[in-house]
Amino acid sequence: MQVSQFEIYRICQRALEGLGAPYGIDRDGAAAAVWLEARGLPGLALLAGDLERLGNPNAFAGLTPRMSGTGSAELDADGRPAVAFPGAAVDFLVLLALRSPDGRGQLAIEHCRSPLFFLPAAVAVVSAGASLRLAWGDVAADIRADGLRIQIASGQPWPMALGEAGPLAVKLAYYRSATPAAPVPGLKPGPTEAQLTLAYDRSLQEGVNVDDGLWQRLSTIAARVQVPASEVSRIRGAGGGDANA
Amino acid sequence: MTKRTQDGAASPGPTAEPAAVQALMRPPDVVMRFARLGAFHATRLSFGRSLIRRMGRENWRFTRRLVEFDDRGFGRMVHEIETPKGRLSFVGFSNYLADEDRTDRVIAEKWDAAFALSAGRLGEAALARLAEAAPRQEAGRYAADELVLSRANKSVRLFETVAAALAAGRQPDLAEVVRVGYLMRTTAVYGNGKFGLGDLARLWRDGIFSLPYEAEMLSVYLIREFSFALIEHIARRRNPAGAVPLSVKTKRALGIGNATGLGMAPFLIGHPKLFNNWIAARELALARVRAVPEPMPGKAKRFGQLLDRAIGHVSQWTTDDERQAARITVLAEELAALRDRLQRVPSLLERPRPWDALIAWAETELSPEAVELLASLVIELHPELVDDLAYSTGSDEKERIDPAMSLAELKALIERAYDWALPPDYDNPKERHFFWYRSAEKDEPRLGERFGEPGAELELPLGIGFMAASLHRALTRLPQTALVASVAEFLLENPQWRGILRRIQSLAHLPYSEIRDNTLSDRCLPIDLLRCKLSIFGAAKFDPKSDRWTRITFFQGAPTLEELGEPDADDWGFPYFPP
Chain S
13 MQVSQFEIYR
23 ICQRALEGLG
33 APYGIDRDGA
43 AAAVWLEARG
53 LPGLALLAGD
63 LERLGNPNAF
73 AGLTPRMSGT
83 GSAELDADGR
93 PAVAFPGAAV
103 DFLVLLALRS
113 PDGRGQLAIE
123 HCRSPLFFLP
133 AAVAVVSAGA
143 SLRLAWGDVA
153 ADIRADGLRI
163 QIASGQPWPM
173 ALGEAGPLAV
183 KLAYYRSATP
193 AAPVPGLKPG
203 PTEAQLTLAY
213 DRSLQEGVNV
223 DDGLWQRLST
233 IAARVQVPAS
243 EVSRIRGAGG
253 GDANA
Chain H
20 MTKRTQDGAA
30 SPGPTAEPAA
40 VQALMRPPDV
50 VMRFARLGAF
60 HATRLSFGRS
70 LIRRMGRENW
80 RFTRRLVEFD
90 DRGFGRMVHE
100 IETPKGRLSF
110 VGFSNYLADE
120 DRTDRVIAEK
130 WDAAFALSAG
140 RLGEAALARL
150 AEAAPRQEAG
160 RYAADELVLS
170 RANKSVRLFE
180 TVAAALAAGR
190 QPDLAEVVRV
200 GYLMRTTAVY
210 GNGKFGLGDL
220 ARLWRDGIFS
230 LPYEAEMLSV
240 YLIREFSFAL
250 IEHIARRRNP
260 AGAVPLSVKT
270 KRALGIGNAT
280 GLGMAPFLIG
290 HPKLFNNWIA
300 ARELALARVR
310 AVPEPMPGKA
320 KRFGQLLDRA
330 IGHVSQWTTD
340 DERQAARITV
350 LAEELAALRD
360 RLQRVPSLLE
370 RPRPWDALIA
380 WAETELSPEA
390 VELLASLVIE
400 LHPELVDDLA
410 YSTGSDEKER
420 IDPAMSLAEL
430 KALIERAYDW
440 ALPPDYDNPK
450 ERHFFWYRSA
460 EKDEPRLGER
470 FGEPGAELEL
480 PLGIGFMAAS
490 LHRALTRLPQ
500 TALVASVAEF
510 LLENPQWRGI
520 LRRIQSLAHL
530 PYSEIRDNTL
540 SDRCLPIDLL
550 RCKLSIFGAA
560 KFDPKSDRWT
570 RITFFQGAPT
580 LEELGEPDAD
590 DWGFPYFPP
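These protein sequences, in sequence, are chains S and H. Taken in order, the first sequence gives residues 13 to 257; the numbers are from my numbering. Taken in order, the second sequence gives residues 20 to 598; the numbers are from my numbering.
Each statement offered as a hint is correct.
Which residues of chain S face chain H? A partial, calculated answer using Cβ under 10 Å:
#1 Phe18
#2 Tyr21
#3 Arg22
#4 Ile37
#5 Gly74
#6 Leu75
#7 Phe97
#8 Val102
#9 Leu110
#10 Leu216
#11 Val239
#12 Pro240
Computed spacing ranges between beta-carbons, pair by pair:
#13 Gly226(H) / Gln207(S): 19 to 25 Å
#14 Asp444(H) / Glu205(S): 51 to 57 Å
#15 Pro37(H) / Ser231(S): 51 to 57 Å
Derived by calculation from the structure, the hints in this document are not laboratory data. Idealized CB from N, CA, C, for every residue including glycine.
Whenever a hint applies, use it, and build me the whole structure from the sequences.
This is the structure in structure tokens:
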């Protein structure tokens, strides 16, 4: 079915809320999902694949970093999906860089599922003059205020390469000065910024095509945030009246 | 002046204003209160007003491309709209509706008429698809080319009366027309991607619309035109030889009704940057006029004319709601007394800063209804000072974390910018009386009583004061040594605070972004928030049906399509229709 970006945001926000994501985390995750889907990247499929884990009691619990040097820290996600903490991790990375004398912050995240969800959060925080590298498996994304370069292993369609679920080891590095990152040996150019922009424009023009079954799964979970209707709520909850009066 | 944001929207920038203007901005502790927001009136910056100006200025062309109604008035009608940035189409479908199926509630499933605004020209295939989907409204699916979806019911009080009069060859009784104010009443106007409609970003990208709710207000305006065409058709079919069309005078007296429930209140809380810009534009407009240093030729006379018209307007504002009726009575008395005073002492408006003196006097002597009406009138006096502010009402709505802020700084920020949130005793059940939630019934936003209704565990995060105070309390409980930690460290370990903390950091510098009252308390009257938002849209004749929903009128007094662009087309605020 064709859906709008608004609908993707809303269903993801509600599904995450329905799974127990706190206010703020649900919105981060939904914004990331719609950012990806609108650009032809597999946000919904990754989210759907993580629904069971996101239903675990500790899926949205806090994370305690281990400092591993000046400007460097490690997190163990313990199998948690990135959608549960994309903004928190990237904000922490920026803090590491701000505190580091050389302006460089590094964050290593172990056992993290669906790291593609870090990409939208990373794009959102990179300011003019800074740069951020996000890497996992055979993927490296270099983000600057004026552009995005993604590299993937050769021979794979890029939605598949970027949509690897893991768990995976993820490395994030933030540079307060935009040192051009060197290409990663062995990786080939992935989707270009122009391709992602084209996909975004197409999604605005035509809507986003989503899998019906996946949408239904998300809808079922999203419905958990609604309060069942009752006669009392109908009358007291929103007022009423005779439209013929 | 205004400053542009990244996405091209602009935000009012009081810091760029002269100090004399900045000093006259009313503080948020005065403006952002339930009672004050609930006394707002439309201004010339309201969305309906700015749309009418824009359509006239840019010479938008409207063509009735297709009119197909049967003898009973059921069928379809298509308008095409040529704008400098592209073409739009507006289709309306008129269908049979039994009286027992007619309800103002969102949970209704059938309506007298359904409408869609689309980009480009509507082909037969799209029309056929919309004919099937639009009458089902929320149950239908729409394409990205479709921008706005709406529906309306005929006014049972007026529609048949007017049709009968026209069919009999005469205009309807003007007093009755003015009293009801519309032939059709909308109950929802959807945009921004709902049910598959085009996303807001699509609207901005196409460039036809550039202001919030501009597409929705255009749809409402065209529903008014649809209602004119429909009733004239019905009258003609009843009496082909003798029926008369609506006179311009009658058309002017007819707007479009609207019934609005609780959904508008959560919107204001959920879109705080947008809300800030709406209020800031209004307050900045008022401050600019208040800062006019000397009386200007003709302005006192013009104010007198506007005041006279407003007095007439208020005399034609009726409601069965006791609270609002009492307020209207006081308002009428206060405006009449002001007119008498100005006639006795015309020099009151011939001193330095005349409009500042008037508003300052009103703030101490008059009811909030009267103060806010006078604010709207003085804003009307100086289009050249204020009209650019209509373009500052958009916002990107992005909120950002400042990761390096220390918890001590955050705590101080709450005490400075959210001081209004801290005093209530939230352990007192009265301060947490209500909870906002989404009903499973058509997703309707509702307000429950926390200690007497189920569902509070699914509460929407709309108790901003309570959440800010809770974060402050959590910070206060930390040892002093822990307050050196940064926000990013805190949020990594305490994700439950992410939403409210980001909100506080993002909004602290936006004075009009937060309602500075407790939206959970038993003192919260949602009708005040509805009134605020509707006034910004351009609504008038507020007719509350409870403290949770209201009827209003849009575009009563507005020029018709044929009158757009005429020299006085913009002069329709607070319309009065002499008998």
